[in-house]
Structure formats: C-alpha cells, structure tokens
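These protein sequence lines are chains Y and B, in that order.
Numbering-wise, the first sequence is residues 23 to 322 according to our numbering.
Numbering-wise, the second sequence is residues 2 to 426 according to our numbering.
Honestly, the hints are just simulated from the structure, not real lab data.
Errors might be hidden in some of the hints.
Unchecked claim - Selected chain B positions facing chain Y (Cβ under 7 Å, derived; list incomplete):
1. T102
2. K103
3. K273
4. Y275
What the hints assert, rightly or not - Taking lysine to aspartate or glutamate and the EDC-like style, the derived pairs with C-alpha atoms no more than 20 Å apart in a straight line are:
5. K251/B with E358/B
6. K84/Y with D421/B
7. K273/B with D182/Y
8. K191/B with D204/B
9. K89/B with E358/B
10. K208/B with D188/B
11. K108/B with D284/Y
12. K103/B with E257/Y
13. K244/B with D284/Y
14. K251/B with E85/Y
15. K265/B with D181/Y
16. K88/B with D421/B
17. K45/B with E112/B
18. K316/B with D421/B
19. K191/B with E257/Y
20. K207/B with D284/Y
21. K265/B with D284/Y
22. K265/B with E173/Y
23. K136/B with D284/Y
24. K273/B with D181/Y
25. K103/B with D284/Y
26. K381/B with D361/B
27. K113/B with D284/Y
28. K273/B with E173/Y
29. K208/B with E257/Y
30. K236/B with E201/B
Computed from a predicted model, the values in this text were never measured in an experiment.
The beta-carbon is built from N, C-alpha and C at its ideal position, and this holds for glycine as well.
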Amino acid sequence: MLRIAKNTFQMKKYKGLLGLLPALLFMVCFFIGGTLQSLYISFSSQTGNPPLSHHDSFWAYKELANSSFAHSLGVTTGIALLTALLAGMIGLFSALFLAVRTYRWKWLHILLQLPMGIPHLFAAYILMQVFMQSGWYSRIAFHLGIIDSLENFPIIIHDDWGVGVILAYLWKEVPFIVLLIYPFILKLLSDQKETSASLGASLTQTVLWVIVPILLPIWVGGMWVVFAFTLGAYEIPALLARTSFGSVPVMAWQEYSQFGLDRQPIAIAMNLMLAVVSFITGIILIYLQLKWYKQGRRVW
Amino acid sequence: MTVKEVVNKVMIKIKQILIVVMVFIFIISGCSNSSLDVSQKSNKSVLNKDWKRITAQASGTKVNFFMWGGDEGINQYIDEWVAPFLKKQYNIDVKRYPMDTKEFINKLMAEKRAGKKSGEMDVLWINGENFKTAKEQNLLMGPITKVLPNFNQYVNADKADTKYDFGFPTDGYEAPWGKVQFVFAYDSNKITQPPKSMDELMDWVKKNPGKFTYPAPPDFTGSAFIRHVLHEKSKNYNAYLNKYDESLMKNDAKQVWAILNEMKPYLWRDGKSYPQSLSQLEQLYVNGEVWMTMGYDEANASNLMKKGEFPASTKTFVLDKGTLSNTHFLAIPYNAPNPAGALVLINFLLSPSAQLEKMDLKYWGENTSLSVDRLSEKNKKTMDAIDRGPATLSQEVLANHRIPEIGAEYVQWLERGWMDNVANR
Numbered sequence: 023m024l025r026i027a028k029n030t031f032q033m034k035k036y037k038g039l040l041g042l043l044p045a046l047l048f049m050v051c052f053f054i055g056g057t058l059q060s061l062y063i064s065f066s067s068q069t070g071n072p073p074l075s076h077h078d079s080f081w082a083y084k085e086l087a088n089s090s091f092a093h094s095l096g097v098t099t100g101i102a103l104l105t106a107l108l109a110g111m112i113g114l115f116s117a118l119f120l121a122v123r124t125y126r127w128k129w130l131h132i133l134l135q136l137p138m139g140i141p142h143l144f145a146a147y148i149l150m151q152v153f154m155q156s157g158w159y160s161r162i163a164f165h166l167g168i169i170d171s172l173e174n175f176p177i178i179i180h181d182d183w184g185v186g187v188i189l190a191y192l193w194k195e196v197p198f199i200v201l202l203i204y205p206f207i208l209k210l211l212s213d214q215k216e217t218s219a220s221l222g223a224s225l226t227q228t229v230l231w232v233i234v235p236i237l238l239p240i241w242v243g244g245m246w247v248v249f250a251f252t253l254g255a256y257e258i259p260a261l262l263a264r265t266s267f268g269s270v271p272v273m274a275w276q277e278y279s280q281f282g283l284d285r286q287p288i289a290i291a292m293n294l295m296l297a298v299v300s301f302i303t304g305i306i307l308i309y310l311q312l313k314w315y316k317q318g319r320r321v322w
Numbered sequence: 002m003t004v005k006e007v008v009n010k011v012m013i014k015i016k017q018i019l020i021v022v023m024v025f026i027f028i029i030s031g032c033s034n035s036s037l038d039v040s041q042k043s044n045k046s047v048l049n050k051d052w053k054r055i056t057a058q059a060s061g062t063k064v065n066f067f068m069w070g071g072d073e074g075i076n077q078y079i080d081e082w083v084a085p086f087l088k089k090q091y092n093i094d095v096k097r098y099p100m101d102t103k104e105f106i107n108k109l110m111a112e113k114r115a116g117k118k119s120g121e122m123d124v125l126w127i128n129g130e131n132f133k134t135a136k137e138q139n140l141l142m143g144p145i146t147k148v149l150p151n152f153n154q155y156v157n158a159d160k161a162d163t164k165y166d167f168g169f170p171t172d173g174y175e176a177p178w179g180k181v182q183f184v185f186a187y188d189s190n191k192i193t194q195p196p197k198s199m200d201e202l203m204d205w206v207k208k209n210p211g212k213f214t215y216p217a218p219p220d221f222t223g224s225a226f227i228r229h230v231l232h233e234k235s236k237n238y239n240a241y242l243n244k245y246d247e248s249l250m251k252n253d254a255k256q257v258w259a260i261l262n263e264m265k266p267y268l269w270r271d272g273k274s275y276p277q278s279l280s281q282l283e284q285l286y287v288n289g290e291v292w293m294t295m296g297y298d299e300a301n302a303s304n305l306m307k308k309g310e311f312p313a314s315t316k317t318f319v320l321d322k323g324t325l326s327n328t329h330f331l332a333i334p335y336n337a338p339n340p341a342g343a344l345v346l347i348n349f350l351l352s353p354s355a356q357l358e359k360m361d362l363k364y365w366g367e368n369t370s371l372s373v374d375r376l377s378e379k380n381k382k383t384m385d386a387i388d389r390g391p392a393t394l395s396q397e398v399l400a401n402h403r404i405p406e407i408g409a410e411y412v413q414w415l416e417r418g419w420m421d422n423v424a425n426r
C-alpha cells in the first residue's frame with residue numbers, strides 16, 4: 023500500500039515538471055541571464071560610452087578587498103543568520119502552540135498572518151513611528167509617568183546592535199514560518215499523537231522526538247528562505263539601522279545611485295558577494311538534507 | 002608570460018564567453034532589438050528653424066515631461082497651471098511623468114546603447130552630476146537656449162549660475178528653470194540668537210547637546226551641510242570651481258573631518274546615528290527632538306508651516322559667509338520624439354508669468370531663474386508683492402549670502418569620505 027502511494031507520488035512529480043516549464047523558462051531567461059549580466063558588469067573595466075573611467079577587470083572586487091567591507095559583509099550575514107534562527111524558533115513555537123491549543127480560534131490565525139500582507143517598507147515605517155524616542159510608545163510612557171523625558175525611552179530604532187532591524191524582520195518573517203509549517207504540524211499531530219501516546223510519550227516528547235525531526239527539512243528550508251531574503255533586503259536596514267551599521271544592500275544602493283555611474287560595477291560586485299554567501303549556505307543545506315534523507319527519514 | 006598577462010588573457014576569454022552566453026540568452030528570451038528605428042532623421046534640425054515655425058510645428062502635439070515627482074506642490078503647478086495654459090495658448094498636451102532623475106538618465110543611457118533613435122522623453126528636469134553624465138554621454142539634443150525667445154530676453158546668460166551647473170559648463174544644453182538656496186531653520190521659541198558661522202554653530206551644539214544633527218551623506222541635504230564646513234574652512238574655496246584636483250580636496254578634508262568629529266559627541270543620539278533623510282530630520286524637528294533643521298530650499302520651512310507641519314515659531318537663517326545655492330535646468334534628450342513641442346514648453350516655463358506663478362507659495366514658492374533687472378516694471382511690482390511666507394528670508398539677504406556649488410566629483414568624494422572618516426569612527 024505504502025509503495026503504491028509512493029509510486030503515484032513520483033509520477034505526479036514528473037508530470038508536474040511539464041507544468042513547471044513556463045516558470046523554468048522564465049527562470050533561465052531572467053535569473054540566469056541576470057546573474058550573467060551582473061557578472062559581466064562587475065568585471066567590466068569601463069562604464070559608459072565614451073568611457074567615464076578606465077580600470078582593470080578586477081577593480082570592483084579590489085575596491086571591496088578591505089576590512090570595512092569584510093566587516094559589513096559579516097554584519098549583514100550575522101543579522102540575516104540571527105533573523106533566520108529567531109524567526110525559525112519563534113515560528114516553530116507559535117505553530118506548535120496554534121496547532122495544539124488554538125486550532126479552533128481562526129481569528130487568532132488571521133491576526134498572526136496579518137503582517138504577511140504588509141510590505142517591508144511599511145513595516146519598517148510603522149516600527150519607526152511607534153518605537154522612536156519621540157514615537158508613540160515613548161509618548162505614552164511619558165504621559166503615564168514611567169519615564170521623565172522622551173530621551174529616557176530605550177533606544178530601539180537606529181540602535182547599536184540592530185535590535186530594531188531584527189524586530190522588524192521577525193514581525194514579518196515569523197508568520198511566514200508559521201504559514202509554512204503549520205499544516206504539516208497539524209497533520210503530524212493528528213497522525214502521530216495517538217501512536218506516541220500509546221507508547222507512553224508526553225506531548226513534549228512527541229514534539230521533540232517525532233514532529234521536529236520529521237519537520238526538520240521544511241523548517242530549515244523556510245529559515246534559509248528568510249536568511250537569503252534578509253541578506254539582500256534593503257528597506258528595513260535603510261530605515262531602521264544606524265548610519266554606520268554597514269548593511270551591504272544599503273551600501274550597494276548608495277554606490278549604485280549616489281556616487282556616480284563609474285562606481286556601478288562596485289554596487290553589482292557587492293550584490294554578487296551576497297549572492298555567493300546565500301548560494302554557499304544553500305549548498306551546505308542541500309548537502310545536509312541529502313545526508314538526512316539517506317538515513318531514511320522523510321516527511322511522508 | 003607574467004602572471005598578470007595570464008590572468009588578463011583568462012579574463013578576456015571569460016568575458017568573451019560571457020558575451021556569447023548573454024547574446025544567446027537575449028536571443029532566446031526575445032530581447033533582441035527589433036524595434037530599432039533607423040529611418041528617423043536626427044531631431045536636431047529643429048534648432049535651426051525660426052521660432053514661428055517651431056510653434057506652428059508644435060501645435061496639436063503631445064509633450065512628455067520627465068521630472069522628479071516627490072513634491073505635491075510642484076506636481077500641481079505643472080498639472081493644474083502649466084498644462085491647461087499650454088493647451089489653451091499653443092494647443093499642446095503636457096503629460097508629466099514622475100521619475101527619479103537618476104532613473105531616466107539610466108533609461109536614456111540604455112536607449113542610447115540600444116541605438117534607439119526615437120525615445121519617449123521630450124523634456125527633462127535635470128542638474129548637477131546627472132547633467133554632467135548626460136552631456137558627456139551625448140544624451141542631450143544640443144545647445145537649445147539660443148532658440149528660446151524668453152531665454153534671450155530674460156536670462157543673463159553670462160552669469161556663473163547659468164553658465165555652470167555644479168562647476169560643469171552648460172554650453173546652452175540646458176535652460177535654467179529655477180534657483181534654490183540652502184538655509185537653516187530653527188524654532189525661535191527655543192533659540193533666540195541663531196549661529197552665524199560654523200564656529201558659532203559648534204559652540205551652540207556643545208552648549209545644547211543632542212539638539213542638532215544633519216542627515217547622513219550621501220543624502221542630498223546632509224551632503225550640502227558638510228560642504229558648508231568645507232566652504233568655511235577651505236583657504237581657497239574658489240579653486241574647487243575649476244577642474245577636479247583630488248589633492249586639493251585631500252588637504253582640506255582633514256579639517257572638515259576634524260570639525261565634524263569634534264561636533265559628533267554632542268549631536269542627536271551622541272552622533273551614533275544620523276537621520277537617513279531630510280524628511281527624517283524634519284520629523285525629529287517637528288517632534289521636538291532637535292531644535293534646528295535645514296534644507297536646500299529657502300521657502301521649504303514656510304511651505305511646511307503653511308501646511309501646519311512646522312511650528313509657527315519657525316524661522317530661517319543663513320551663515321554670514323553664505324550658503325550654497327544652485328540652479329536647476331530643463332533639457333531635451335537626443336531622441337526626443339517631439340523636440341518642437343519640448344522647446345515651446347521650456348520657453349513657456351521661462352516666461353515671467355510662469356516664473357512668477359511658480360514663486361508663489363500657492364504651488365511651489367521657488368525663486369526665479371530670470372534676471373530681475375530684465376523684467377518689466379509691472380512684473381517687478383508683481384514679484385515684490387509675492388508673499389514667500391513668514392519664514393522665508395528677503396530676496397536681498399538671500400542674494401547677498403550665496404555661494405556657488407562645487408563639482409560633482411568633489412561632492413561624491415566628500416560623501417564617501419564622510420562614511421569612512423566620520424560615521425564609522
């Protein structure tokens with residue numbers, strides 16, 4: 023019985039490929055084409071015609087070979103990593119909570135999914151308005167007499183450690199993780215709960231030893247999507263990070279739009295470096311996933 | 002062969018492969034340039050016609066005006082006042098396309114690369130480095146000002162602010178549309194005596210920690226603020242108006258960084274972070290977090306007071322040694338589909354009636370690019386009667402405290418340097 027189910031599933035998989043063809047063509051044309059074009063621009067020794075400047079082919083990358091860019095790349099990767107891990111953890115707990123305790127309260131689910139529909143730019147703006155030192159919460163705290171001046175409100179926006187940035191991302195990405203894993207958790211719970219219970223496992227044990235291991239590839243995949251997105255996103259760090267935070271997308275945008283056309287290859291090279299980071303992370307994760315599957319574990 | 006030669010050879014090979022692959026991808030994705038229109042004659046010939054023929058040719062056509070669209074007042078001025086007038090007077094439809102300057106220059110560059118002879122933009126609102134790029138890349142039609150009757154009659158073509166645009170010669174490729182000047186704004190309820198120089202500003206900032214800041218360059222306004230430091234501290238500011246010389250900048254920059262770093266611990270948020278944009282600084286000012294703001298527009302504070310955003314006690318000031326001012330221009334791209342209509346629109350925008358309407362706070366409140374002494378007595382009287390708002394300084398004070406802008410290379414050098422030498426310290 024199980025074998026038949028598996029075979030039909032595989033047939034469906036190949037049939038699906040045909041349906042995927044338009045998307046695949048789109049991907050080849052635009053994604054691969056765009057990547058190659060970016061590579062070409064980042065290695066171009068001149069921009070404009072007549073040329074604005076002359077350099078050798080590696081100049082854009084040579085310009086990036088300094089400690090300040092390395093620091094920026096580290097900070098950007100670190101923030102993305104932290105956001106992905108936190109969003110993954112909080113998302114998992116929220117999804118479990120929703121599945122176990124409140125699967126009947128639809129309104130709570132809708133409320134939790136609401137941030138998904140809000141653009142990142144707007145999310146950053148809202149957060150700024152409420153958490154600024156002269157923002158809503160600060161004013162409320164002031165009027166309630168909790169703080170004696172607006173300056174005493176904790177610095178959350180444009181702070182030293184990127185707290186505001188991470189908060190904004192979490193508010194957006196936790197619902198994404200929940201949306202991704204909630205249906206699986208719901209199904210796994212209904213499938214496995216009785217078996218585990220009959221074997222004498224508590225709910226915590228079921229979750230920890232049964233559900234999480236089965237869910238791992240999807241959950242980690244979701245975190246990787248968050249990581250890759252956060253790595254290259256511009257709006258939130260542009261609005262909420264302090265000036266010298268060093269977010270690479272913000273720096274790349276400045277190079278691209280502010281410092282003259284002849285520096286555009288540098289902007290493209292910065293973005294390619296980010297692409298390399300997310301690509302390498304993706305490869306490592308795929309390798310781990312394959313290893314995982316080899317051990318005979320899978321979701322269904 | 003040395004290592005370098007080998008590397009270069011490999012690079013060339015990689016580039017060739019990349020080009021082949023890219024061409025292949027362009028072909029399969031249908032991006033090839035089949036719409037190339039080579040039959041169209043150069044539109045430059047319009048510049049040799051007399052004005053009557055140009056207006057006749059323009060009648061019944063449509064003009065596409067590409068301009069920055071971030072200000073409601075400016076947009077209304079074009080849509081509600083200029084467009085209906087031009088329709089009535091010349092039977093021309095004006096269509097405004099809001100787009101960032103950088104963006105339409107990039108678009109134009111792409112069109113040029115693709116060999117597109119007929120584009121979609123007729124008039125561009127442009128200045129500074131964007132004009133420099135456009136002119137150097139041959140993206141503009143040519144010297145247009147000499148055919149414009151209103152330019153010849155009302156604009157003093159020999160003045161530096163018409164001849165040069167951020168230190169780059171205009172050669173008539175663009176016609177001056179307006180002038181703006183940098184001013185500081187302050188809340189007179191909180192500050193009685195505004196500073197008159199950078200040194201006085203420094204004293205004030207030290208005495209009132211946390212109450213001053215400036216937008217982080219490369220923001221346009223923040224970048225202009227640090228140029229004022231350069232202007233006051235440079236021994237020979239006029240040298241910046243000539244050809245780019247990095248050593249000149251490097252010598253003065255040390256002092257500029259020293260002053261900005263000295264100010265830093267007393268700024269808003271202890272200088273650990275700066276507002277990212279002018280609107281963010283203005284919000285801090287409105288919220289009372291800082292007591293001073295600034296802007297590259299002498300009427301901006303009055304405008305915001307009228308809208309009820311700035312407190313009514315807001316006033317503006319200039320430094321004794323002057324504040325930066327610049328001119329912004331109108332140009333026609335090389336591939337304008339309707340150059341005759343474009344010329345008529347630009348000429349109209351340079352007419353005294355259009356310029357005086359623009360000066361009124363009702364729409365825009367911006368200074369004229371025309372020479373006041375060339376205006377008729379009647380126009381002069383109208384101009385004197387225009388209320389530019391309670392916080393706007395008098396024409397005289399502004400005119401006596403004007404300093405010219407420096408070249409785009411210097412501006413960019415300072416913006417990049419600020420990040421490394423001030424923000425990241």
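Okay, the hints, checked on the actual structure:
Below 7 Å, beta-carbon pairs count as interface contacts, and T102/B has none with chain Y, the closest being about 10 Å; its hint is therefore violated. The beta carbon of K103/B is positioned within 7 Å of a beta carbon in chain Y (closest approach about 5 Å), and the interface hint is therefore held. With a cut of 7 Å, the hint placing K273/B at the interface with chain Y holds, because the nearest CB-to-CB distance is about 6 Å. For Y275/B, the shortest C-beta to C-beta distance to chain Y is roughly 4 Å, which falls under 7 Å, so the interface hint holds.
Note on K251/B and E358/B: the hinted pairing is violated, with a Cα-Cα distance of about 44 Å set against a maximum of 20 Å. The hinted pair formed by K84/Y and D421/B meets the criterion: a straight-line CA distance of about 17 Å does not exceed 20 Å. Taking the CA atoms of K273/B and D182/Y, the gap is near 8 Å; set against the 20 Å cutoff, the hint holds. Only pairs whose Cα atoms come within 20 Å are accepted, and K191/B paired with D204/B is accepted, the gap being roughly 16 Å.
Under the criterion of a C-alpha separation no larger than 20 Å, the hint pairing K89/B with E358/B is consistent with the structure, at around 17 Å. Of the pairs offered as hints, the one joining K208/B and D188/B holds, with about 16 Å between alpha carbons and a cut-off of 20 Å not exceeded. Annotation: proposed proximity of K108/B to D284/Y holds, straight-line Cα distance about 16 Å (limit 20 Å). With a C-alpha separation of about 19 Å, the suggested pairing of K103/B with E257/Y holds against the 20 Å cut-off.
With a C-alpha separation of about 18 Å, the suggested pairing of K244/B with D284/Y holds against the 20 Å cut-off. The hinted pair formed by K251/B and E85/Y meets the criterion: a straight-line CA distance of about 19 Å does not exceed 20 Å. A distance of roughly 16 Å separates the Cα atoms of K265/B and D181/Y; the hinted pair therefore holds under the 20 Å criterion. Straight-line distance between C-alpha atoms of K88/B and D421/B comes to about 52 Å, which puts the hinted pair past the 20 Å bound.
With a C-alpha separation of about 17 Å, the suggested pair K45/B and E112/B falls inside the 20 Å cut-off, and the hint holds. A threshold of 20 Å between alpha carbons decides the hint, and for K316/B with D421/B the separation of about 34 Å lies outside it, so the pair is violated. Among the hinted pairs, K191/B with E257/Y is inconsistent with the structure: their alpha-carbon atoms are about 34 Å apart, more than 20 Å. With a C-alpha separation of about 40 Å, the suggested pair K207/B and D284/Y falls outside the 20 Å cut-off, and the hint is violated.
Note on K265/B and D284/Y: the hinted pairing is violated, with a Cα-Cα distance of about 31 Å set against a maximum of 20 Å. Between the alpha carbons of K265/B and E173/Y the distance comes to roughly 18 Å, so the proposed pair stays at or under 20 Å and holds. Proximity of K136/B to D284/Y is assessed by CA-CA distance (about 15 Å); at most 20 Å being required, the pair is judged to hold. For the given pair, K273/B sits about 8 Å from D181/Y by alpha-carbon distance, which is consistent with the 20 Å threshold.
Note on K103/B and D284/Y: the hinted pairing holds, with a Cα-Cα distance of about 13 Å set against a maximum of 20 Å. This hinted pair checks out: K381/B and D361/B have alpha carbons roughly 14 Å apart, not beyond 20 Å. Taking the CA atoms of K113/B and D284/Y, the gap is about 17 Å. The hint holds against a cut of 20 Å. Of the supplied pair hints, the one linking K273/B and E173/Y holds, its CA atoms being roughly 14 Å apart against a limit of 20 Å.
Our distance criterion of 20 Å between C-alpha atoms is broken by K208/B and E257/Y, whose separation comes to about 35 Å. The suggested pairing of K236/B with E201/B holds, with an alpha-carbon distance near 19 Å, which does not exceed 20 Å.
Taken one by one, the earlier hints fail for this structure at numbers 1, 5, 16, 18, 19, 20, 21, 29, listed in ascending order.
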